[in-house]
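Participant: What follows is the residue order along each chain.
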Amino acid sequence: MEHTLLDFNLRVMAPELIIVSAAALLVILELLLKESTSRNWIGWLGLLAVIAAGVSVGMEFGHPPYQILNDSYRVDSFSLAFKALLLGGGGLTILFSLAGGKNEQPKPKGEYYILLLAALLGGMMMVSSADLLALYVGLELLSLSSYILVGINKRDRHSNEAAWKYVVLGGVSSAFLLYGMSFLYGLTGATNLFAIQGKMVEMVATQDQAYIYVSLFLMMVGFGFKIATAPFHTWTPDVYQGSPTPVTIFLAVVSKAAAFALVARVLLIAYLPLVSTGAWNEIVSWLLMILAACSMIIGNTAALRQTNAKRLLAYSSIAQAGYVLVPLSTLGFVGFDLFPSLFYYLCAYLFMTAGAFAVADCIAKSCKNDQISAFAGLSRRSPWLAGVMTIFLISLAGFPVTAGFFGKFYLLTSAVGSNQAWLAAAMILTTIVSYYYYFEFIRQMYFRAPDLAAPRVSVSWAAWAVLAIGVTGTLALGLFPDLLLHELGKIDWHSAFAQAQNAIRQ
Amino acid sequence: MQLTSYLALSAILFSIGLYGVLTKRNAVIVLFCIELMLNAANLNFVAFSKFGLFPGLTGQVFTLFTITIAAAEAAVGIAILIALYRNVQSAEADRYDSMKG
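Chains A and B, in that order, give the protein sequences. Residue numbers for the first sequence follow the UniProt record's numbering, beginning at 1 and rising by one. Residue numbers for the second sequence follow the UniProt record's numbering, beginning at 1 and rising by one.
Hints were generated in silico from the structure; no laboratory data involved. Incorrect hints may appear among the rest.
Stated by the list, open to error - Okay, derived cross-link-like pairs now, EDC-like style, lysine to aspartate or glutamate, Cα gap no bigger than 20 angstroms in a straight line:
no., chain 1, residue 1, chain 2, residue 2
1, A, K154, B, D97
2, A, K368, A, E30
3, B, K24, B, E35
4, B, K100, A, D370
5, B, K100, A, D156
6, A, K365, A, D492
7, A, K310, B, D97
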């Protein structure tokens, strides 16, 4: 029986519908405003929409998985958990953009917030679909909006240049992804991931498997770019450095988390039949492990010789992407139980990265200097800010009592549990290397005399709010990791990789 | 046999596009080359949907979507290039090197 859109319960799409209608409404409202009126309240309305969408995501937990139009849109615990993370990151981004407010030139305009909402919507589609077409459209909605966001300061040369690099390399990566998808479609004649899985089961048993790997490798290039893993990371430092800091936070947190969900979903549904033939452990796992190891090594060593604060944090985020890939790559050895540790690390990463970038931005704006040397003597100039930054840094470095420590600890156990000792060793060694550059900040803040000419660091209340959320999250996850892990353990991660009930009944 | 020649054509187009992105100095040509890569993938989709193992309309519908997205991407790319040109006064991609490290 044919099903049309209206046969489905559309209430499950509430979070997306809230975001899309808010974006549409704000476009029209912005048109009606006078040129001279402040656009800040558009940001506030956007933040309100994000919070409302977050509440509706929270209310959907606990229901059985549900799909719309042949899995083009599906809601399950996996997508809800990721959506909550994306909305959290998007909310922090909007809040931090509002911080710029008074003295910043140029002021964020109305379209900035609208594009942020559109990008967020794309990310939400990426985590809640099991159809190649819908996944691709979601990915491109996220990418196209973030290209513009990166270049939103159109009079700033760095911002433009970052946007140019991002649009060129992003275009290439999406071409690779699309080319890989075309082979996957050609092999199976379907775009639905479950239908592909069904065909793939027959395929791995009989035919020549060359095209399966062609599609896999081409798609991995695209995925590697989107999650910023080495050797596809070359855009990351330039783009993170050149874009306005709220956008950097958005790219580092939201874009990356959405891409992780996409990779997990595509690999673990479409290519799952490879597990039964053993090809998964021999090829797919190794591919991911090599990407993870490369990112850790290149990210951490390249960060050592950076002098620009945001650029250094960009390399650190490449290394973090490598850590997050570890549970995914060892999945074939251990099983689905690794999602809690992956998700835990992504939450920790959200708080500490957003916080660290926010502090770096406050310092760079106040001192008109984006080098690490601008941090000199911060402990005397502004002790609170120095303390807050220290918490984020020790969390990024992975020291105890912070979220980063437990996050890394769980990832390490998953690497050890899969008997991939070399991966665990690479993780530990590169973490030790990373101490050097994280402590460079601390050295500057506590053991360098402040530049007497340096102006006072002014931090707006919205930036304080972002920092407070970051510190609370980092410390709460570090002191009481069980709170989140217990909840994550209760989530039914398997449901993301099985047909929804209402799909079977048709 | 027909399918193979289409696949070969799209592979060649894809490679030319990739080569162009990596080597060309003119920024506009770089954008063209990205289009070439995207269209190679489109050609694959259409060839598979007509001559593939499992012929069907899905591939052609997919292509309609990707053509639209590629148009949007080109628009964004050109807009960014114009903004950049106003600041740098050059369309040579290797002049866009203010950030290093």
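Participant: Against each hint, give a clear statement of whether it holds in the structure.
Facilitator: For each hint, the structure was consulted:
1. A C-alpha spacing of about 17 angstroms is found between A:K154 and B:D97, which places the hinted pair at or below 20 angstroms, so the restraint holds.
2. In summary, the hint linking A:K368 to A:E30 is not supported, as the alpha carbons are separated by about 31 angstroms, beyond the 20 angstroms threshold.
3. Distance check on the hinted pair: B:K24 and B:E35 sit about 14 angstroms apart at the alpha-carbon level, within 20 angstroms; holds.
4. For the hint pairing B:K100 with A:D370, the CA-to-CA distance comes to about 14 angstroms; that is within 20 angstroms, so the pair holds.
5. As the CA atoms of B:K100 and A:D156 are separated by approximately 16 angstroms, the hinted pair is consistent with the 20 angstroms bound.
6. For the hint linking A:K365 to A:D492, the alpha-carbon distance of about 44 angstroms lies beyond 20 angstroms, and the restraint is violated.
7. Restraint check for A:K310 and B:D97: satisfied, since their Cα atoms lie roughly 17 angstroms apart, inside the 20 angstroms limit.
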